[in-house]
Every structure is written in structure tokens, then in C-alpha cells.
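A.B. asks: What follows is each chain in one-letter form.
Protein chains: 2
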Amino acid sequence: MRNCEIVGWGTVLPEGTVRFGDEVRYRIADDVTHLDMLAGACERALARAGVSADELDLVIGASAAGVQPIPCTAALVLERLTLTGHAAAFDVNSTCTSFITALDMASHLLAAGAHETVLVFSGDVGTRFLNPAQAESYELFSDAAAAVVLRRSADADRGVIASAQRTWPAYAHDTEIRGGLSRSPAQDYADADPADYLFDMNGKKALLGMMRVLPEFFADFHAASGIAHDDVALWVPHQASAALGPMLDRLGIPVDRRIDEVSAYGNMVSASVPFMLARALDEGRVGAGDTVILCGTAAGLTANVLALRL
Amino acid sequence: MRNCEIVGWGTVLPEGTVRFGDEVRYRIADDVTHLDMLAGACERALARAGVSADELDLVIGASAAGVQPIPCTAALVLERLTLTGHAAAFDVNSTCTSFITALDMASHLLAAGAHETVLVFSGDVGTRFLNPAQAESYELFSDAAAAVVLRRSADADRGVIASAQRTWPAYAHDTEIRGGLSRSPAQDYADADPADYLFDMNGKKALLGMMRVLPEFFADFHAASGIAHDDVALWVPHQASAALGPMLDRLGIPVDRRIDEVSAYGNMVSASVPFMLARALDEGRVGAGDTVILCGTAAGLTANVLALRL
Numbered sequence: 094m095r096n097c098e099i100v101g102w103g104t105v106l107p108e109g110t111v112r113f114g115d116e117v118r119y120r121i122a123d124d125v126t127h128l129d130m131l132a133g134a135c136e137r138a139l140a141r142a143g144v145s146a147d148e149l150d151l152v153i154g155a156s157a158a159g160v161q162p163i164p165c166t167a168a169l170v171l172e173r174l175t176l177t178g179h180a181a182a183f184d185v186n187s188t189c190t191s192f193i194t195a196l197d198m199a200s201h202l203l204a205a206g207a208h209e210t211v212l213v214f215s216g217d218v219g220t221r222f223l224n225p226a227q228a229e230s231y232e233l234f235s236d237a238a239a240a241v242v243l244r245r246s247a248d249a250d251r252g253v254i255a256s257a258q259r260t261w262p263a264y265a266h267d268t269e270i271r272g273g274l275s276r277s278p279a280q281d282y283a284d285a286d287p288a289d290y291l292f293d294m295n296g297k298k299a300l301l302g303m304m305r306v307l308p309e310f311f312a313d314f315h316a317a318s319g320i321a322h323d324d325v326a327l328w329v330p331h332q333a334s335a336a337l338g339p340m341l342d343r344l345g346i347p348v349d350r351r352i353d354e355v356s357a358y359g360n361m362v363s364a365s366v367p368f369m370l371a372r373a374l375d376e377g378r379v380g381a382g383d384t385v386i387l388c389g390t391a392a393g394l395t396a397n398v399l400a401l402r403l
Numbered sequence: 094m095r096n097c098e099i100v101g102w103g104t105v106l107p108e109g110t111v112r113f114g115d116e117v118r119y120r121i122a123d124d125v126t127h128l129d130m131l132a133g134a135c136e137r138a139l140a141r142a143g144v145s146a147d148e149l150d151l152v153i154g155a156s157a158a159g160v161q162p163i164p165c166t167a168a169l170v171l172e173r174l175t176l177t178g179h180a181a182a183f184d185v186n187s188t189c190t191s192f193i194t195a196l197d198m199a200s201h202l203l204a205a206g207a208h209e210t211v212l213v214f215s216g217d218v219g220t221r222f223l224n225p226a227q228a229e230s231y232e233l234f235s236d237a238a239a240a241v242v243l244r245r246s247a248d249a250d251r252g253v254i255a256s257a258q259r260t261w262p263a264y265a266h267d268t269e270i271r272g273g274l275s276r277s278p279a280q281d282y283a284d285a286d287p288a289d290y291l292f293d294m295n296g297k298k299a300l301l302g303m304m305r306v307l308p309e310f311f312a313d314f315h316a317a318s319g320i321a322h323d324d325v326a327l328w329v330p331h332q333a334s335a336a337l338g339p340m341l342d343r344l345g346i347p348v349d350r351r352i353d354e355v356s357a358y359g360n361m362v363s364a365s366v367p368f369m370l371a372r373a374l375d376e377g378r379v380g381a382g383d384t385v386i387l388c389g390t391a392a393g394l395t396a397n398v399l400a401l402r403l
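First to last, the sequence lines map onto chains A and B.
Just so you know, we're using my numbering here: the first sequence kicks off at 94 and counts up by one.
Just so you know, we're using my numbering here: the second sequence kicks off at 94 and counts up by one.
Next comes chain A alone, as it looks inside the complex (with noise of 0.2 Å):
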């Protein structure tokens, strides 16, 4: 157990909103940015929290792609939210379950004492980088952020009791945004292929891919940690695609117990987990002393699983 706590958590999502079918996705108006974003959701944990930015010892960002190559993303967001605090602040990456391998990271640190108050983001603007010429992705997406404070819990028995991330690379081209960064730079954009510098998913092979890896990995977790499926109030997995539903049935993931809001708000990229948490925090289906399991896949192929006592 690495004793933790939530004290604080804060969504942004967009006003606008496209219909497919029954499908509803949130995208970012133009005026707004990817930063904007990002510093909202931590403005509305900070404040929730009643810490001040000035407070925080620790920013961990936790998106998937950043606001720009360099400085990292964490910097940026605490320069909105203050100038004179303390902080340090890096980035964390592993796609879309960037949060999943951050709060682990947060987890370790605050167990050590090496931190007392943390800042964990996350959020992607994945509409702006949407191929209309491929319907599996460009209908999938939706653009959020999320961001929650961590700190040592007076109460023992709260905090991250266990967790396991794995990543399997021959699956690792199936998810790609290729271009924007040293592989592809802007500049060679001119003479490009424009597809490069959007989404590319070939959604049937990354999901095979799962199919294949996840029970193994779901059931060593388990018994590894010695968690059984009645320990745990809920299930907050990455919202993935509509594959989510038959996934977690596959791996035996009680229905009454899941999160499964893909229809309702697409795939957040690394918001999706810490979105659907906070929603389920402000809406009193889960709280203090339940056991919750973050979980998902991400481009790499990457899976985490992560079970947090609120």
C-alpha cells in the first residue's frame, strides 16, 4: 500500500459537440487551446483541494502529446497557474493511459516522502489532429482534460494498494500520430504525406492485439495482488472504442461495475481515465474507502491496471 489520497479533482470539457449517429464527441472551440485546457482543469482541482499552486511541491503532466516539443507540457501548465511556486514539473508518457503511470509515479513518491502536495494532469486535443479520411478514428475522439491533487492520507489505508503496466512492442505501430517531431518534422510537411501528421489507428489489429494480451495480464494482476473482482466498486477503464463493452465482458468485468461511456463521450485520449474518476467522484457512486481500478491500453501496446483505495 502507498498511502495517498485524492484531495482534490477538475474536469474542462468543451461546450461544442458533433453527433454520429448516436455517438456524441466534445471538441474545442478554435479559440481555445490545448494549454487553456489543461490549466482549467487543474485551476478547478486546486480549488477543490483548497491548496494554492504555490503549495505544490510536485506537477506531473500526463498527456499524450504535449503543447509543444519543448519545454514540457508540466512547466507550461504551472506557469499558468502560478509564477513564484515551488514546484517541480515533468512529464509523464505513456499515451492514453499517460495518468495510470503517473498517479503510480505520484504514488511512489509520496510513499517515500519525497513529495507532500502533487498535481497530476492530463488532456489531449485529439480533434485537431483527425484524418477525415478515416471514419474509425475521426469519429471516435473527443477532447477533455483532467487533473487531481494527491496528497499522504492521515488514513493508512487509502492509497494505491497495487499495480502493473506492460508494454508489448510488436503491436506498436497500430496507434500513431508518425509526424510533428524528430521522425517527421514540420518543416519536412511541404513534401510529406499530410496522413502522417493525423491519427492512424488500424483499430481491428490493435484490438486483436488486446484480445490476445489482456487476460493474461488482468489475471496475473490479480493474483499477484491478491485483489478479487468483489473487492472493487468500480471500474474506470480507458475509453478506448466500442470494443470497451465486449473487453471488459471478456475479461469477466461485471457490468453493473464498469464504466463504459464511449458512446456518450468518445475516446478522450489520456483524459478519459481521470475524467470518467472525477465523474464518478462528483456523481457519490464512489468514495472514501471504496477500491477503484484505473485501467486501459495505449499506443505502445501499453496496459496498466492500477487499484486506488479512495
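Source of the hints: derived by calculation from the structure; they are not laboratory data.
Honestly, I wouldn't trust all of these hints.
[Unchecked claim] Computed footprint of chain B on chain A; a stretch qualifies when at least three of its residues, placed anywhere within it, have a C-beta under 8 Å from a C-beta of chain B:
| # | stretch |
| --- | --- |
| 1 | 126 to 140 |
| 2 | 232 to 239 |
[As the list claims (entries may be wrong)] Across the chosen pairs, the derived CB separations fall in these ranges:
| # | chain 1 | residue 1 | chain 2 | residue 2 | range |
| --- | --- | --- | --- | --- | --- |
| 3 | A | VAL117 | B | ARG343 | 55 to 61 Å |
| 4 | B | ASP250 | A | GLY206 | 18 to 24 Å |
| 5 | B | ARG343 | A | GLU108 | 50 to 56 Å |
| 6 | B | ASP123 | A | ALA336 | 55 to 61 Å |
| 7 | B | ALA316 | A | ASP147 | 56 to 62 Å |
| 8 | B | ASP281 | A | LEU301 | 32 to 38 Å |
[Said to hold, decoys possible] Examples of chain A residues toward chain B, derived with CB under 7 Å:
| # | residue |
| --- | --- |
| 9 | ASN96 |
| 10 | GLU98 |
| 11 | GLU269 |
We put the beta carbon where it would ideally sit given N, CA and C, even for glycine.
Fit chain B to the supplied structure of chain A, relying on the hints for placement.
C.D. replies: Just chain B now, with coordinates in the frame of chain A:
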């Protein structure tokens, strides 16, 4: 003390050089990629450690800028090393000091027993993002990559003794590459200022910021950790610029126990610290039992300091 040991290290330095007066800078050939260089350094580190890529259970990518926006660079490097491994792969980014941040994280994870064998790699291709109109950055950067393999040590006295990290966001825009991700995507390149997609340094302003904040940062670190200058065999600082020497003088770091190779190697961005550490290990300048201090400043403005007993 977070017990760990560097059991292997490797570097890649391009063959091609350019000279600006007495200054030598290394630049990768047109047919070599960022990923080639990163994977090459990792292969050398694994070979030196006698560890196969399939034995790794964690790979942390610690570059300032990635290979592509999605997936993370660690997943792409892992794919080069093995298609059958079982490592978790994610990136950590604090720009030029990313290696120190990642080594710090790795030491927490090893000490907690979360992982057994960790690969950390750094490296950037700064020279592909140079602006010929800005001499101070155009004449400063070199390309390179470096990697280390870490395990817990049988000797309880080896490992990370202490570390500190802090960001001063008032200086967030002194060193930047603004374009390529959400703020200025490649799609906007034709209508944007091309300089936004290249290194932009305000070296004088950055230096004034560092001069203001670093003395207290280092004094606090030594006071909190109890590590005196006499305890340190070698300081391995980020090779930020020609101002490194005067900065180290100001911090009272003795000339005979510090690495300042800016003239001969330039600023290798995230690779500077691990490259210079690997070189000192190769030369036998430091070895088992010696305490080294890895330190430096990064865009953010971020400073890191970490004391490692080899």
C-alpha cells in the same frame, strides 16, 4: 539511500562534426535517425551489462523531444530492441535534465521492488531543429545518445543518496521549440513563422535566471542531504553552454572535480549528462564507491541535482 547500481552503459556519437572556431559539434548524417541513435546506445548498454532486452521489466525514455507524438519514444525503442519482451515502456520529460528525473524515478521503483531491471535512455537530434539566424543556439548543439541499465545492488551502500528538482515557471519561455505539437501543429507550418518550429533561446535571460536561483537550490540540497563538497568525486553537469564554467565557479564546485566539455562536445540536450557520465566511467575517472553528482538546468526553467554512489 535508494539502492541501485548502473550495471551497463552505452553511448552513440555521430561521426560527422562541424566546427565554429575552436568549438566542435556533432551532427548525425542525413540517413541516420533519432531512433537509430537511441536504439544504438541501448544495445551497447545492454551488451555491456550482459542483459538481454527480454529481461528488462522497465524502459524509460528520457529525451527532450520525442521521435513521434504517438506512441511514446520508449515503446518505439523497445520495438527496436525486442518484439518479445515484457517491459513497461514510458517516457519522462524534463527537457535537458530528463535523464536525471528518469534515474530518480527508476531508483524509487527499484527500491520499492516494483521492478528488477531498468533501461533508461536519453538523446536528441537538436541539430535538425537549428535556426541559422540564431548563432547562440545554432553553434551550440550536438547530437548524441546514451543509455544505462540499472538494477538493485548487492552492496547496500550503492545507489541514489539524495535528489532534488524544482521548476521556476517565470522563465518558461527562455528556451523553446514552440511548433510541431498542439500549439503550432505541422499543418499550420505554411502559414506560420518557420522560426517557431526551431530552437529559440534567450541565452542571456536564461543565464540570469539560473544565476538567480541556482545558488540557493544547491545550498538547500547540500544542507538537506548532508553531502559536503568533499564527499563528491565528480560533478557531471548538463553541458548547457559556454557559461557552464562561470556558473560552476559561482556554485563553488572545484575545477578538478567537474566535467566541462562544452567546447569539445557542445550541448547534447538530454544526452549531455548520461554521455559525460558514461565517458567518465569508460575512462575510469570514477568507479564503484565514488559519489557523483548529476545536475543541471533545463528549459522550464527546471533544475535537477542527484547524488549517486556508484
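A.B. asks: Tell me, in ascending order, the numbers of any earlier hints that this structure violates.
C.D. replies: 2, 6, 7, 9, 10
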